[in-house]
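From first to last, the protein sequence lines are chains A and E.
Counted the way my numbering counts, the first sequence spans residues 1 to 345.
Counted the way my numbering counts, the second sequence spans residues 1 to 275.
Treat the hints as calculated values from the structure; they're not laboratory data.
These numbers come from a predicted model, not from an experiment.
All clues stand as given, with none of them false.
Below, a list of computed lysine-lysine pairs in the DSS-like style, where the Cα atoms sit at most 25 Å apart:
(1) E:24 <-> E:34
(2) E:34 <-> A:73
(3) A:260 <-> E:75
(4) A:88 <-> A:173
(5) A:69 <-> A:82
(6) A:38 <-> A:15
(7) A:69 <-> E:34
(8) A:260 <-> E:9
(9) E:195 <-> E:228
(10) A:69 <-> E:9
(11) E:111 <-> E:141
(12) E:9 <-> A:82
(13) A:67 <-> E:9
(14) E:9 <-> A:73
(15) E:195 <-> E:151
(16) A:173 <-> A:6
(17) E:9 <-> E:100
(18) E:35 <-> A:73
(19) A:67 <-> E:34
(20) A:67 <-> E:35
(21) E:18 <-> A:73
(22) E:74 <-> A:73
(23) E:100 <-> A:108
(24) A:73 <-> E:24
(25) E:109 <-> E:141
(26) A:73 <-> E:75
(27) E:35 <-> A:69
(28) E:34 <-> E:9
(29) A:35 <-> A:88
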Amino acid sequence: MLKIAKERLNELYAKISETMGLFIPVNYAGEVNYKVWKEGAEVSLETLKTVKSPKNMFFPQTENMMKFKTEGKNIEIIDVRKDYKEEKPFVLFGVKACDYKAIEVLDKVFLAEPVDTYYQSRREATTIVTLACSKPEESCFCGVFGIDATAPQGDVTTWLDGEYLYWQANTEKGEALTALITALTEEGGEETVAGQRETTKAVLENLPFAKLDLSRFTPENLNDLFEAKEWEEMSEACLGCGTCTFVCPTCQCFDIRDFKTNEGVIRYRCWDSCMYSDFTLMAHGNSRTTQMQRFRQRFMHKLVYYPSQNDGLYSCVGCGRCVNKCPQRLNIVKVVKTLGGKKDD
Amino acid sequence: MIDETLIPKVGVITDIRKDTPDVKTFRVVGTDGKKLFQHMPGQCAMVSVPGVGECMFSITSSPTNEEYMEFSIKKCGCVTEVIHAMEVGQQITVRGPYGKNFPVEEDFKGKDLLFIAGGIGLAPLRSVINYVRHYRENYGKVVIVYGARSKDDLVDIEEIQTEWVNEPNTEVYLTIDRPQEGWDGHVGFVPSYVKELGLDPNMTAVLCGPPIMIKFTLQGLLELGFDKSRVYTTLELRMKCGVGKCGRCNVGDKFVCKDGPVFRMTELDELPDEY
Chain A
1 MLKIAKERLN ELYAKISETM GLFIPVNYAG EVNYKVWKEG AEVSLETLKT VKSPKNMFFP
61 QTENMMKFKT EGKNIEIIDV RKDYKEEKPF VLFGVKACDY KAIEVLDKVF LAEPVDTYYQ
121 SRREATTIVT LACSKPEESC FCGVFGIDAT APQGDVTTWL DGEYLYWQAN TEKGEALTAL
181 ITALTEEGGE ETVAGQRETT KAVLENLPFA KLDLSRFTPE NLNDLFEAKE WEEMSEACLG
241 CGTCTFVCPT CQCFDIRDFK TNEGVIRYRC WDSCMYSDFT LMAHGNSRTT QMQRFRQRFM
301 HKLVYYPSQN DGLYSCVGCG RCVNKCPQRL NIVKVVKTLG GKKDD
Chain E
1 MIDETLIPKV GVITDIRKDT PDVKTFRVVG TDGKKLFQHM PGQCAMVSVP GVGECMFSIT
61 SSPTNEEYME FSIKKCGCVT EVIHAMEVGQ QITVRGPYGK NFPVEEDFKG KDLLFIAGGI
121 GLAPLRSVIN YVRHYRENYG KVVIVYGARS KDDLVDIEEI QTEWVNEPNT EVYLTIDRPQ
181 EGWDGHVGFV PSYVKELGLD PNMTAVLCGP PIMIKFTLQG LLELGFDKSR VYTTLELRMK
241 CGVGKCGRCN VGDKFVCKDG PVFRMTELDE LPDEY
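The whole structure should be built from the sequences, with the hints applied where relevant.
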């Protein structure tokens with residue numbers, strides 16, 4: 001294990017930025033989000049939850065996919081994809097265990113055949129440096145999904161305390177990044193890290209949502225859960241604002257739209273939300289006409305449909321962003337508490 | 001260039017046929033004059049008009065047609081309205097094929113087949129019916145029941161009346177909803193006609209049409225003794241990507257674009273009722 005003195009972290013960022021794009025949690029106008037590091041950036045590794053998850057590194061909120069030039073009856077299609085590996089690889093720095101697990105959830109969608117090459121090219125060009133949690137908050141429940149917040153994976157795993165950033169490469173990409181910054185490192189830190197992990201684990205075990213029971217969310221119960229009368233009451237206050245889907249690290253529904261410009265038509269994709277009324281709207285009707293149906297879709301997808309398609313992997317990682325951000329205080333925790341455990345009757 | 005499924009190919013409209021007051025059939029080839037890609041009966045393609053939008057349509061021509069693809073398109077929304085205004089020579093974009101096809105090489109082989117269509121529901125069935133006609137010796141008896149609002153709303157009526165009715169070991173039954181001058185055929189809705197015909201319940205059935213027609217026709221078939229595991233239909237939901245990623249056409253643990261659009265009735269029974 002290696003360690004880097006905290007006061008030298010800016011040198012570390014500068015060194016990485018010489019050859020790669022460095023995306024790191026930065027405090028900007030009172031919000032911490034992943035941004036490109038620049039000299040003078042107010043990096044905030046200590047912030048547990050960035051407002052938006054790092055999913056937009058691979059799956060941007062909006063992204064141009066192709067361009068069309070039309071002349072008379074003719075159409076020319078222009079491929080606008082970039083080769084990020086050749087251009088400038090990225091380092092995604094400071095990813096927490098929940099958000100890292102969420103990338104695995106997204107991979108199963110975008111890298112499944114036929115591979116989404118927009119996502120893939122960014123994903124392959126990225127080296128992920130994770131950061132273990134040491135101060136989990138009350139809204140955290142990653143442990144419920146079997147995630148160890150004290151030892152996330154990734155190309156490099158790091159731990160932070162008052163004096164040092166501890167550094168451990170896990171993959172070839174991680175080794176390559178380590179080679180780049182060796183001059184800033186010194187050996188050691190195993191005991192400190194082990195100690196920090198023990199302390200944090202004790203906190204994690206006693207978090208208010210640590211004991212959520214997911215046992216009823218199985219493919220066999222799909223129709224029973226779908227028909228549950230509780231959805232009506234649970235969804236009653238939902239405004240359909242879509243905030244939960246936008247801050248969610250695993251939500252990946254998207255829209256594809258065309259935009260007319262002076263230089264032709266740009267086809268782009270953007271995040272969309274199953275909470276919106278026109279998400280399923282067709283010329284001849286809508287398969288989900290009520291907010292209850294849309295609300296139910298989101299949670300059924302995360303807790304039953306997605307796991308049923310992906311060997312039991314849930315499409316929730318317990319980051320707790322929806323718990324903090326829903327204006328109506330609705331969230332997946334309430335759904336799990338209401339429907340997740342064994343039924344008494 | 002890396003192959004990316006979301007990037008379409010350019011297609012050229014080489015022929016437009018007006019089938020009914022609101023359905024036109026468009027013949028499409030690539031810019032090189034050749035067929036854009038191979039498909040199987042029941043599969044779909046994403047057709048787009050740049051600047052307007054992209055929609056999923058079933059490929060109505062049979063895969064055995066080596067020269068071109070055809071799409072029978074009903075004018076009912078913003079994209080289809082623009083497509084309907086197009087002229088021969090106009091380019092559009094096409095990508096696909098998407099979805100699971102009818103099991104023509106598996107479960108259908110050697111079986112007596114019953115095709116039941118309502119209105120524009122004939123579009124996906126035309127592909128499989130013509131496929132079966134091409135490999136006629138591989139299949140048993142073929143019965144086709146097709147209904148529409150009026151005689152003017154029967155899609156592909158020319159092909160049906162000049163070719164399908166003359167096919168050996170094939171019965172074609174047409175019906176329209178209400179009596180009409182110049183129509184001496186059957187009058188009545190498809191579900192009740194199906195019951196009247198007293199069809200052999202050992203046939204493998206394929207239903208395609210508006211949801212209400214499918215619902216009542218299926219009921220009728222079950223009363224006649226048909227087995228749900230040998231009744232197929234197609235679903236249609238909003239789609240954007242066509243490859244099970246954008247999330248729109250998700251029902252239960254299935255995506256209609258990828259796991260459908262062809263479903264066995266027994267598969268639909270396992271899905272939540274939200275399609």
